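S.K.: Chains as they are written, first to last, in my numbering: chain A, 1 to 484; chain B, 1001 to 1094.
Calculated directly from the structure, the hints in this document are not laboratory data. These numbers come from a predicted model, not from an experiment. Check before you lean on any hint, since a few could be wrong.
Below, a sample of chain A positions facing chain B; criterion: calculated Cβ distance under 8 Å [unchecked claim]:
1. F98
2. G192
3. R261
4. F264
5. G322
6. S340
7. L372
8. G408
9. Q410
10. P414
11. A430
Where chain A lies over chain B, by a calculated footprint (3+ residues, C-beta under 8 Å) [what the hints assert, rightly or not]:
12. 1045-1052
13. 1074-1086
C-beta atoms are modelled at their ideal positions from N, C-alpha and C, and glycine is treated no differently.
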Amino acid sequence: MDLYELTLHELQEKLYNKQVSSEEIVKSVFARIKEVEDKMQAFITLDEEGALDRARKYDARGNLSSIAGIPYGLKDIICSQGMKTTCASKILDNFVPFYDATVAARLKEAGGVLIGKLNMDEFAMGSSTEQSAFFPTRNPWDLERVPGGSSGGSAAAVAACEIPFALGTDTGGSIRQPASFCGVVGLKPTYGRVSRYGVIAYASSLDQVGVFSREVRDCALVLNIIAGGDPLDSTCVDIEKPDYTAFLKDNIKGLKIAYPREYFQEGIERGIKDAVKQALLKYEELGAIVEEVSLPHSEYALPAYYLVATAEASANLARFDGVRYGLRDFEAENVIQMFSSTRAAGFGDEVKMRIMLGTYALSSGYYDAYYLKALKVRRLIKNDFDKVFNDFDLIVAPTTPTTAFKLGEQTGDPLTLYMNDILTVPINMAGLPGMSIPCGFAEGLPVGMQLIGKPFDEGTLIKAAYAFEQNTDYHTARPDLGVK
Amino acid sequence: MALSIQEVQHVALLARLNLRKDEEEKYAEQLGSILQYADKLNELDTEGVEPLDHILPVFNVFREDKVNPGPAREEILANAPLVEEGQYKVPKII
């Protein structure tokens, strides 16, 4: 077995026992990348020389943490000092941050080896990574299919064993949906669990940074490092953070699991429902109490989400104006013209569309009818979850209505593409932690099961995910990329 | 129902986006259909429901008023498209 095939915790053990060096791991990972990256197109930026340099420094210095000496990638929305950060947009094509996002700084301090930046839908707006201004990423299980999005590069690179773990961001499903499509573990922590400082904002009340890995244990190890209060992000809550590896126990006896009937209705592919129902039976077998519940406002989450998210985006993306960084139209004669033509040239279609929608929803005369209405509905959605969590520890549902779709299949009508998020956006609207783990296959494509927890109770997600993983073998399946 | 071209042009001005004619037509159509979908929210009676604009209890976060080292001006300006005498340069405003 080559080093690149090992999981984070397996690599860590080998490093700890001095069976391998970080340099050897990084070399193995780059050999793998050379082998498959032409097909995958997961990375926007790769820094082999810098990564080898960081690995050698680690080797000289020794163990610092559970991720020390381990290579990883960051979604290209996360600022990395001295490494280009594009947000997969032409408007930031040449942007090199002079500082690290807090999550990047924490991984760096812990001794992790950043190897590159991962492809995504432009400004995290999309569900297929086809909205990248540069190129689409492929799904390693079927190269004709999308990896999901917006964190498609992160999910695909981890699934294709190009890296053992990666960070992504999730505003309406952008970690869980690609994790599901690519058959890996994807965790979106509670809103406020992980700092957003230095992460280019899409919708500030919904965005959250999280982890992709091939096994649940790895996810817990990385969460241990990135979670926790940050003086640079006042929405990142400084409350006690448990050791997440303490939840890696194969015992869920008595755990109360709810499955919402609205998440199993028509529109959800048969193969997906079947796989998740099987998983629920497995949970019962393992001693959990499983009951059906209702989240009656579920169908309103998606329209409310698109109003809230685009309204916030229209404000957040106002900063891209050609003054301080990025693209500029030098032909414009006055400043308003410069803003407008720079933005027209720099943003892609979906981004413009969402800025327009958000601007409309916030504009005079429509604010109450759209934005305010959506915030009221958001309250109802959160109340639904609160009610269920009075009686249950965990909610289980499918992550996506379909398995990975083909490239080009959903590029015409935005509403069709938005439907991909129907099972994930309610969790962001309520600020809850959500996780997708592999729970089977439908016609050869991975199916993801979504675990939804109480606020700041990532521990229960990890526990339930780990118990499932220990008693099944879906997480050991690897895509065949026709090499080796 | 599609938005009017005038409405699209007004929103594009507010959003500081130059749109081509074909884009105006496309967005008139697409915004119209998304807003129609959003009208679904009107099925719900939200009279008396407090809007949820922040998921966590919002409170002010205070810190000591002490000076922390910040980045150097040159570092910040390095990404700017046009700089003169240590400042951002933009076209004429007035």
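S.K.: Each hint should be assessed against the structure and marked as holding or not.
M.R.: We went through each hint and held it up to the structure:
1. F98: Cβ of F98 of chain A sits 4 Å from chain B, so the hint holds.
2. G192: holds (5 Å)
3. R261: For R261 of chain A, the interface hint is violated, since the closest Cβ of chain B sits about 19 Å away, which is over 8 Å.
4. F264: Given a least distance of 21 Å, the restraint on F264 of chain A is violated.
5. G322: holds (6 Å)
6. S340: holds (4 Å)
7. L372: holds (6 Å)
8. G408: Result: violated, 18 Å to nearest chain B Cβ.
9. Q410: Violated, about 14 Å.
10. P414: For P414 of chain A, the interface hint holds, since the closest Cβ of chain B sits about 6 Å away, which is under 8 Å.
11. A430: At about 7 Å, which falls below the 8 Å cut-off, the nearest Cβ of chain B leaves the hint on A430 of chain A intact, so it holds.
12. 1045-1052: holds (count 5)
13. 1074-1086: Three-residue rule met by the segment 1074-1086 of chain B, so holds; n is 7.
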